[in-house]
Amino acid sequence: MDLGINLIDTADSYGPEVSERLIAEALFPYPKGLVIATKGGPHALGSGAMGAGGRPEYLRQCVELSLRRLRLDCIDLYQLHRIDPKVPVAESLAR
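Per the working numbering, the sequence shown runs over residues 11 to 105.
Warning: the hint list may mix true and false statements.
[Unchecked claim] As a list, the in silico SDA-like pairs of lysine to any residue whose alpha-carbon atoms are at most 20 Å apart:
1) Lys-42 <-> Asp-12
2) Lys-42 <-> Asn-16
3) Lys-49 <-> Pro-98
4) Lys-96 <-> Pro-52
It should be emphasised that the hints constitute simulated quantities derived from the structure, not laboratory data.
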């Protein structure tokens, strides 16, 4: 923050889960003006392969877990990490 950084961009799959926890450990309580962005969706399928994870119920779970790990009540910017070809985009992005 002293250097003018005002955006932290991470993802639940980085680690997985490690980066969100480290950000909270290092920066919570967050300084005013800091925007935290994270992404969700991808999940491990085994042997290094990743699935897209675009089902709405799965994405809601990802949001809840990211909120908990980041110690937030609201995520400033939540992004779908990858479009799931098995799920219509409108369904993935619906509330």
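Taking the hints in turn, this is what the structure says about them:
no., hint, in the structure
1, Lys-42 <-> Asp-12, "12 Å, holds"
2, Lys-42 <-> Asn-16, "9 Å, holds"
3, Lys-49 <-> Pro-98, "18 Å, holds"
4, Lys-96 <-> Pro-52, "13 Å, holds"
Comparing the model with each earlier hint shows no violations; every hint is respected.
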